[in-house]
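Chemist: Listed below, chain by chain, are the residues.
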Amino acid sequence: MIEALFARYNYVVFALLLGIGLYIVIDDENLVKKVIGLNVFQTGIFLFFITVAVQDGAEPAVTSTGEGTFVNPLPHVLILTAIVVGVSLTALALALVVRIHEEYGSIREDVVVEVLERD
Amino acid sequence: MDSVASLRPLLAVSLPAMAVLLVLASRGRPNLREGWTFLAAIATFLTVASMVPGALSETVYVTDLGTYATGLEFALRADPLGVLFGTLAGFLWIVTSSYSVGYMRGLNEHDQTRYFAAFAASIATAMGVAFAANLLTLFVFYELLSVATYPLVAHDESEEAIWAGRKYLIYTFGGGVAILAGTLIVLSLSGTTAFTPGGIAGLATSDPTLARVAFALLVAGFGVKAALMPFHSWLPDAMVAPTPVSALLHAVAVVKSGVFAIARVVLDVFGPEAVADLGVGIPLAAVAAVTLLVASVIALRQDHLKRRLAYSTVSQLSYIVLGLGLFHEYALVGALLHIPAHAFMKITLFFCAGAVHVETHTDYISEMGGIGRRMPLTMGAFTVAAAGMAGMPLLAGFVSKWFLVVGSVSIDAYAFAAVLLLSGILNIGYYWPVVSQAFFEGADPDPKPLLEYPAGGSPRGGRAGSEARAVPNGGSPAADFYAREDDRTDAEEPAGSHGAHTETGDHGGHAATDHAAGWERRSPLTESTWFMLGPIVVAAVGAVALGLVPDRLVFLDLIQLIVENAMGVSL
Amino acid sequence: MIEPAVGIELASILVVVVPILAAVIPIAFGRLSEWVGVGTALAATAVQAVLAGVLAWTTLSDGEEIVTEIGGYGPSQGGIALVVDGMSALVVALIGVAGLAVAVASLDDRRRDTFYSLYLLLVAGLAGVCVTGDVFNLYVFLEISGLAAYALIASDGTGRSALAALKYLIMGTVGASLYLIGVGYAYVSTGYLNMRDLAPALAEAGYTDPLVLAAFAFVAAGLAIKIALFPVHTWQPDAYTTAPDRVTALIAALVSTTAAYALARLSLTVFTVEFFAANPVVQQVLLAVAATSVVAGSLLAVLQSRVKRMLAYSSVSQFGLVVVGIALLEGPALVGAVVHLIGHAIVKGGLFLGVAAFAGAYGVTTVEEYDGLGERAPYASAAFAVLALALVGVPPTVGFVGKLYVAIGAVEAGAWPLVAVIVASTVLTLGYVLRLLERIYFTDPAPDRAARAAADGGPGGGSEGGPVGLSGRPVSRRRSAGRAIVAVTVAAAIAAVVLGFAGAGIESLLEPTVSTLLDN
Amino acid sequence: MITPIEAGLLVFIVATAVMTALLRDVLAAIIVFGGYSLGMAILWIVLQAPDVGLTEAAVGAGVMTVLFLATIARTTRLTGLEATTVDVNLPAAALCVVFVLAVLTTVPALPAVGAGPGENPAFGEISEYYVEEAYDDTHVENVVTAVLVAYRGFDTFGEATVVFAAGVGVLAVLRRGVFE
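Protein sequences appear in the order of chains A, B, C and D. Read left to right, the first sequence gives residues 1 to 119 (the numbering used here). Read left to right, the second sequence gives residues 120 to 690 (the numbering used here). Read left to right, the third sequence gives residues 691 to 1210 (the numbering used here). Read left to right, the fourth sequence gives residues 1211 to 1390 (the numbering used here).
Hints listed in this document are in silico derivations from the structure and should not be mistaken for laboratory results. A couple of the hints might just be wrong.
Claimed, not checked - Label pairs and their in silico Cβ distance ranges:
| id | chain 1 | residue 1 | chain 2 | residue 2 | range |
| --- | --- | --- | --- | --- | --- |
| 1 | B | 150 | C | 1205 | 52 to 62 angstroms |
| 2 | B | 278 | C | 978 | 53 to 63 angstroms |
| 3 | B | 126 | C | 1205 | 56 to 66 angstroms |
| 4 | D | 1384 | C | 762 | 35 to 45 angstroms |
Every residue gets a Cβ at the ideal spot worked out from N, C-alpha and C, and that includes glycine.
Required output: the full structure, derived from the provided sequences and hints.
Modeler: Next up, the structure:
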């Protein structure tokens, strides 16, 4: 078991990053931190995909002939898209945070909820 | 049995449905609005009546409306049982329409448009229940009937009425849940839910446990509307509805649709034989017998006349269910005959109760001392119908009960025969006080303790609240209009109770002052508006006719045909 | 495949691309006229609705799938294919029609240009989810629709809506990310992303393979968040409640619907019935979660005092029913799920429009404030009542048909506890719907009950909504709901009833699709 | 087998992620998170994904950090860095640990890191097709670019739409018109 995990070290880190990201999202009262946590969670997924593409002794797939050993290009393409999606989400999330701050004067969820309940 | 494609069953459903739209469209013009109601009622009755000869000659009119889902057709079918129920509801709708006009205008009720629209919708769905060709179609109309009658139950908009409506919907929709589940089991057992005289082939030979579960679910579901105990308690509460609603729907259409559906389940889904073989008929009859007795005993204790009638309904409906549970042709004839018999009698009783309410704002039996003097015709009709209920010979109730007793004796179910006889005595027990109050007691301001009262007499003071809800509004343009409308009766009327509530705005302690002076004596011709008296007379005559010449009325012929088809015997 | 691409294949691309390109117009030219935004939204949703109608007509009439290879690269060449079958065609048609309907209903509610762009991006993203045949492409469209939805919810600029949108964004992103992990697991165990290629490859990898199981678990968990099943529904009530009223109608009608469609698509086309046959526990867990949603959603709905919140929790319950229909893996149940998906969208969309109409005209938002609306707004109230009854599942409305089919499927599967939950959901729903109906029809708005009796009571007076009927009431209540929104609400009510008779028709239309989905 | 540089990067990444989680001060967390993203970018390059690495550096470490800092600048007073940590919420942490353990149970079934075709199904016919035919089909040597713009061009169109949607969304949320 341990050995199997050791040969798959990147995936172990993937699992850890998911856990850390999730923890920030669930627990942190700071809305900006929550968004950071979301990003940690997503980069964990990126690590999964990029690791899938890895091949021992391979090089980036830049070729005109197809000769040679290459990493799998497809996951790279997917993650390029996913990174852009991630930053887009972050931008919108932060805009929402700014909006919430304008309204309630805080970026901490507990404070905002308190303000809301006072209304 | 020949099946003939015909639009007539559909017409019977859609005429009242169209009336809903017309009534809504002519809101604000009451005479036109009521005109539509009458027109639709008469047209509906004629449509249904036109199918009677066919039904008697074994012709079944079918309207096929397509498939609802695999194995579930959406179809209407006018077989003898459906025609029986449809004719009854159609005829009594005409009578009740007239009564409604008298009652609603007499009380100057609010939201009359909604009332008449919902009433027509209820009839439309009741017709659908009558002519549904299979369990699913029946379920569809059964649910719609619940929805359509809900506004009528909650009509008063008081806290009490809203609660009654809530209770009513939750009870009937809960029943609907059981019906749907039962229907699905029937579908999965036999692949169809189409009604077949003598039972759906394949259901009798299927897994008996599941079949029993399906029967129990269906009967329990329909039993809610049929007010079988322990699902009855919505019905007395629903008496908060205007009296015509109680009369037609809670005596004829709604509760009867429950009973009628149980009849469908017994006769056309499982078949009487399968019901007997599965061993579910006797438990059903036993539940009915318990309901019958317990409801009668509770009725004894009700002082509110409509509530007493409601418990009487609970009890009388169980006669029908009891007969359906017994595997004997006479029991079935008795059960089915009790559908029209009870309908005519109970509608008379409710009409009378409503007339008393409109004229005198009296709802409680203990306050009705000597009211026979004020409303001789009404209370006379009440007496006749009550006697019929108790099963006096020559009246409607006698014939059906006679068949039921003979049926139960024939299968050696003496216990049920005994229950039937005992209930007759209880009937006398709870109707006699009304009659005796009306004709043999004075308007004693301190009424004697009645038979059913807890020791100490009537808590009279607490009743004042009952008048509060009947606050008509005098002096409004509406009331003036009303007065003109009715001046053929009102013109001769001395300044009495009726005039008071149309022409003056002061109604506080209205009934109490009348009581104190004693009821004035009125002739049958002037005791109320003929919008109400007419229906009372017609219904009472019907109740008598059913007892005197049952063979001459179409009902008995239809019922014999139904039973012959279901049992495979000739009567 | 290039040659006939001018034909029907083009429609499945355009149904996504047209609204996306149109979304640029309000941003670019919004300054020119105040009509640009509205006009573009109407035109683009109309075009989308027509295209979707063509797609639905074609697939449903001949039972064939429409496969479109984008850029001429087929799946075997690593390209992305769009696949439209009967189920996706119906959902796309729903998106088109609902998008148009809500746009019409919003005519009197002029908004910023960005609003109309986001509106179009939302319907485009949802349509993309439906037509794509590639699991990663589905993720991209899921995120497009998600982004548009988050922004639309916060588009009226209140703090509450921003907070709810952020909460939705975070949970929605976690959901989409979980879905992406599932895609990763499916990819690493097969090497494919195309749905039609994945199905046999997953079978080859072995349905009990831990990677395949993990793939399904992540996909299902991610989509469950997007659908808002109990207990991961927590984003949904806040989002629905705080969003602008008409946005709520659109989102309630379409967003969870499309996610549920995606779950059906992934479960049946990618993982297939055999996967569930090999892992009965997976099916049982799915059914258990869905059944819990049905009950929990209704119970939570009963407790709410704000109408929008009540209806939001109701969606949790109704989508439980849809997922039950999907997870039963029975023909009738799947038909029921699709019918309920569409029926619920119409009903819930209509109800939220009704809520919007009432809120706009009378400022009422809580159950208590709905007193006497039946008289103040007779048409909107009647439509609202019909839709509410359809939600309960009163026959012969569409709500009943969906429920009936799901129940028949449950009977055929012999899943009696589920049959009980499904049929009992009627009474559960009645629990909260009845509160509304009582308020609307049987409670007086003002204490002056006597005045109203005079107005509507006896002969001569009676006229609900007439000039006499309104007398004695504060003038401010004379305001009435916008004509467009009431018309759309009434249309939804009519559709809910008419579709109620279409059960068998829909079943036979879907028959080829359903048998393909359940047999492969 | 794992190289020291890879191992070092992974340790760095996990460490910065944990620090991000624990730091109470948002500014500090953002700065650490920027380091985390940079570490990621380097890791992508080490893992032979230069396209992803460059994008991550520009977008993840660059744009993202700027966005975070801009947000902070608009919402919180900057009072200097603090190194205090948040209190760990044990139930939430336990939930996350359970989640991690659940994910870890699937890890042994994954192909080992660096496993090539045959052992790693991801190297299937599709990836083979890309590598072999991309140049002939598209005349682009970088297969990643070829896939991005040609084979999976629809994804890229979607990606552009995502950015557009986010931009419009930000404008809508901040209640700005386009030309205001």
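Chemist: Indicate, hint by hint, whether the structure satisfies it.
Modeler: Hint by hint, here is what the structure shows:
1. Judged by the Cβ atoms, the range 52 to 62 angstroms given for residue 150 of chain B and residue 1205 of chain C holds: they are separated by roughly 59 angstroms.
2. Separated by about 40 angstroms at the C-beta atoms, residue 278 of chain B and residue 978 of chain C break the suggested range of 53 to 63 angstroms.
3. Judged by the Cβ atoms, the range 56 to 66 angstroms given for residue 126 of chain B and residue 1205 of chain C is violated: they are separated by roughly 36 angstroms.
4. Look at residue 1384 of chain D against residue 762 of chain C: about 41 angstroms separates their beta carbons, and that is inside 35 to 45 angstroms.
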